[in-house]
Amino acid sequence: MKKRKERKWLALLVVVAMICVMLAGCGGKGNGAENENGGTSSASQESEEGESTKIKADEAAAVSEIMENPAEKIVIAVDDDTIVAGPFANSSGVRNLTVYTLWGTLAYRPYIGAMLEDGGLELVMAKSITKEDDTTYDVEIYDNITDSLGNSIKASDIVFSLDKLSELGYITYINTYYESGEVVGDYEFKIHLKSGEEGAIEQVLVNGTICSQEWYEGASDDEIQADPATTGPYKVTNFQTGSGMTLEARDYWKTNDDDKSVVEYQNVKQIVIKSITEPSMRSVALENSEVDLAEINAIDLERFESNSEYHVTKYANAMNDYMIFNTSDDSVCSDVKVRQAVAYAFDTWTLLLANGHDQGELHHDVCPNATPDYVDDWDEDPYYEMDVEKAKELLKEAGYTEGELKIRILKNASAPNGPYESLQAMLISAGIDAEINQYDRSLFLTYMQDNTMWDITIYSEQVLDFTTTYWSALFSEKNYEHGTQGFTEDAELQKLLAAACADRSEENMNAFHDYYTEQCYMIGLYNETKSIVTQSGIKSLCLVRGDIVPQATVFDSGYASVE
Amino acid sequence: MIRYVVKRLVILIPTLLVVAIIMFTLMDFVPGDPAVIALGSGNHTQEEIELKRESMGLNKPYITRLGEYLGNLIFHFDFGTSIVDGTQIKTAISDRFPNTLKIALGSILVTIIVGLPLGVRTAVRANTWEDKISLFITLLLDCMPSFWVGLLLVLLFALKLGWLPSSGVGGLKYFVLPVIANSLGGLAGFTRQTRASMLEVIRSDLVTTARSKGLSEREVIYGHALPNALIPIITIVGMRFGQMLGGATIIEVIFSIPGLGPYLVNGIGSQDYTVVTGGIIFIAFSFAIIMLLTDLVYAFVDPRIKAQYVARNRKGGRKDE
Chain A
1 MKKRKERKWL ALLVVVAMIC VMLAGCGGKG NGAENENGGT SSASQESEEG ESTKIKADEA
61 AAVSEIMENP AEKIVIAVDD DTIVAGPFAN SSGVRNLTVY TLWGTLAYRP YIGAMLEDGG
121 LELVMAKSIT KEDDTTYDVE IYDNITDSLG NSIKASDIVF SLDKLSELGY ITYINTYYES
181 GEVVGDYEFK IHLKSGEEGA IEQVLVNGTI CSQEWYEGAS DDEIQADPAT TGPYKVTNFQ
241 TGSGMTLEAR DYWKTNDDDK SVVEYQNVKQ IVIKSITEPS MRSVALENSE VDLAEINAID
301 LERFESNSEY HVTKYANAMN DYMIFNTSDD SVCSDVKVRQ AVAYAFDTWT LLLANGHDQG
361 ELHHDVCPNA TPDYVDDWDE DPYYEMDVEK AKELLKEAGY TEGELKIRIL KNASAPNGPY
421 ESLQAMLISA GIDAEINQYD RSLFLTYMQD NTMWDITIYS EQVLDFTTTY WSALFSEKNY
481 EHGTQGFTED AELQKLLAAA CADRSEENMN AFHDYYTEQC YMIGLYNETK SIVTQSGIKS
541 LCLVRGDIVP QATVFDSGYA SVE
Chain B
564 MIRYVVKRLV ILIPTLLVVA IIMFTLMDFV PGDPAVIALG SGNHTQEEIE LKRESMGLNK
624 PYITRLGEYL GNLIFHFDFG TSIVDGTQIK TAISDRFPNT LKIALGSILV TIIVGLPLGV
684 RTAVRANTWE DKISLFITLL LDCMPSFWVG LLLVLLFALK LGWLPSSGVG GLKYFVLPVI
744 ANSLGGLAGF TRQTRASMLE VIRSDLVTTA RSKGLSEREV IYGHALPNAL IPIITIVGMR
804 FGQMLGGATI IEVIFSIPGL GPYLVNGIGS QDYTVVTGGI IFIAFSFAII MLLTDLVYAF
864 VDPRIKAQYV ARNRKGGRKD E
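Respectively, the protein sequence lines represent chains A and B.
Sequential numbering from 1 applies to the first sequence in our numbering.
Sequential numbering from 564 applies to the second sequence in our numbering.
Hints were generated in silico from the structure; no laboratory data involved.
Positions of the beta carbon are idealized from the N, C-alpha and C atoms, including for glycine.
Possibly wrong hints are sitting among the right ones.
Stated by the list, open to error - BS3-like, lysine-lysine: derived pairs with alpha carbons at most 27 Å apart:
(1) B/653 - A/164
(2) A/164 - B/623
(3) A/73 - B/723
(4) A/73 - B/736
(5) A/495 - A/478
(6) A/127 - A/260
(7) B/623 - B/653
What the hints assert, rightly or not - Derived contacts from chain B toward chain A, CB cut-off under 7 Å, selection only:
(8) 595
(9) 654
(10) 816
Using the sequences and the accompanying hints, generate a full structural model.
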């Protein structure tokens, strides 16, 4: 009997021990971080001083400041496992981070709206660029450019690279604007554009990654993707498919720092890129000192903001969300009253919160206010602020009783569910029955071009230079088979757009903005604020148009990487 | 025996061909345009899409494309290139497969090393407190989702204790946590299967005979009962190992291990038809090989099965004569 009792106790003890071991990993995350890393008092002091949290857009420190304290190594966690090092590739998280680190281009755009004509564009491989006519440019490149294997880069290599990029179709802007290249000398060539549209040459100069033709044609597929002869300031020394890569500063052909664009700096000898797709694991990797820098989800941010061991850098996401109405006859949104009813039925800030971000910027136009031609007064104007009563009234005027109108929302499966579910709930409470139809990316893109498949959708675009360029991409009938992205066939809209594009006077800008806003063809929504957390020895990040330029990171003196 | 292996390998060819044809056809019927995917984000004119379709060979008839695909697959073991990033699928698979294999092998080893003795022990001591505790623990482990266990292990061993890295690949230490997280769930089923199989054998006449011959209990259990109970256990190990070669997706995502799982999931998410088709054909191939190996292990474990193969071969040989 006694033995049986002992066994029971033993069994109970084992169970308790097991549960304790299991739960040991749970909870206390904040405390752990605080105890190990300095506690909350110093962190709050840091916050008061305003040093730990900054919102950045286009910002690059002066060359002297950047190069003051070079570092040996930096380990960056990225949320993308499409590790590509080759010269020609689609845009992706890792690609955007490393494209200028590994590959030379003719020029670099240091801020939104930087143009060739006004000297805003920084020349990288190009020595001079002269406009011959609206669609032809004469380019002279430096005569001492070499790649990481020592191959010299000539005009023929540039034309080959642009032709190849155009043929492969990875960069939309190259396809859209680049017609052909014409070699006129060893280091001179002409670029022929498809159109003389403003911003066209900039897109070709900035997006055309250059490699040696001889190397590219002689290399195996593996070499091209994993061990390329780079033309940028770094070379690939280690490549692990789907996991990461290591880049090392190479003997760069441009030696004078003052002649260099920010993307040509080599302020850190080694850049290690680690793919950590799971957001919570990036936070763990930072806390576990496995990485120096990582983008962090809003939910994890608090524990870094309140810790002096880390710096938090906030920046505006380069992608801007906007709502498109299908205005074709196949949609209920062909009626302006219906579109306006929908616009008044939801609150944009709630959508942003539902997207998992508690900070961001609400838009008053489809284009964000970061462009040089943006009219600041628009931000003061009321812009479809949520008014359920007004929405119901408009619905009534359109001839619908409450609950009668059904709206089909087209959703990309890879987009977060929160904003859509939140939108659906708000529309339903305003008497609009809304259904979300979710499709994977390819099908979403296919159905976006089918006016029978949806009534409203949310899409995002990156702003490059001007408001007018952004508008053109969305509204110009040249880009769409049926009018605009929302199938709007409206001669007045096109006339006003053409006028604004031809002359960006405030009057023309206002005319187009007011017209399409009143017609409610599309509504600007928001761009969220994203956060990058770094170990505290990293003084400042160089962020250009929402992308980190790792080679221009500013370090504290004697910074030692975590690895 | 060799003839049997060769025969099984030959049968693999039509199996894989059928898998390839089904996959290619299914992916061809999936709505959505690969040319649009290949062009990437942004707006594209109809003309650009058409040009892309032409350059990708999508305008060719289905039969021509299928023929070209199968030709490349059979004669060059070439799965084509990803339509999203243009990388060679063969290279991506060969880079990623070793990581998946390491997790699969490690998990199977942990499962066998822990589960086999535990299953035998609980069978021998059936219905005692040891058996009940083992049942409780294994059921508990079985109920815990592997991603949750993975996160707990990271919090404890990486974040709190700092003994092991939380993610990525490198030396063997990077695989310790993923292997443990991946094997715990399977361990429960394996232990229970071993127990059930052993119980059946322990109650059979051969064990009574062995005991009556005066053999020690250890010899009876490990020398006579266990080999006879191994067939269903080997089946489970084979099946689980085969499945794991397809990628322990959740574990690979949590621990940022570039294995086959995330590759396929990303391929499906971005409708990268060639990646999905190539990946699944490769998995089918791996699974078939593992099943073949499992069959061969049967022969080594059970002399009756080996005798059957030999007898069949002899019969076949006489016919030939």
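For each hint, the structure was consulted:
1. At most 27 Å may separate the alpha-carbon atoms for a hinted pair to count; residue 653 of chain B and residue 164 of chain A meet this at roughly 23 Å.
2. In summary, the hint linking residue 164 of chain A to residue 623 of chain B is supported, as the alpha carbons are separated by about 23 Å, within the 27 Å threshold.
3. A distance of roughly 25 Å separates the Cα atoms of residue 73 of chain A and residue 723 of chain B; the hinted pair therefore holds under the 27 Å criterion.
4. A distance of roughly 23 Å separates the Cα atoms of residue 73 of chain A and residue 736 of chain B; the hinted pair therefore holds under the 27 Å criterion.
5. For the given pair, residue 495 of chain A sits about 13 Å from residue 478 of chain A by alpha-carbon distance, which is consistent with the 27 Å threshold.
6. At roughly 12 Å between alpha-carbon atoms, residue 127 of chain A and residue 260 of chain A fall within 27 Å of each other, so this suggested pair holds.
7. For the suggested pair residue 623 of chain B and residue 653 of chain B, the alpha carbons sit about 23 Å apart, so the restraint of at most 27 Å is met.
8. Proximity of residue 595 of chain B to chain A holds as hinted, the smallest CB-CB distance being about 4 Å (cut-off 7 Å).
9. A hinted interface residue such as residue 654 of chain B counts as satisfied when its beta carbon comes closer than 7 Å to some beta carbon of chain A; here the least separation is about 6 Å, so the hint holds.
10. Interface hint at residue 816 of chain B: satisfied, since its Cβ lies 6 Å from the closest Cβ of chain A, which is below the 7 Å cut-off.
This entry satisfies every hint, going by the numbered hints stated previously.
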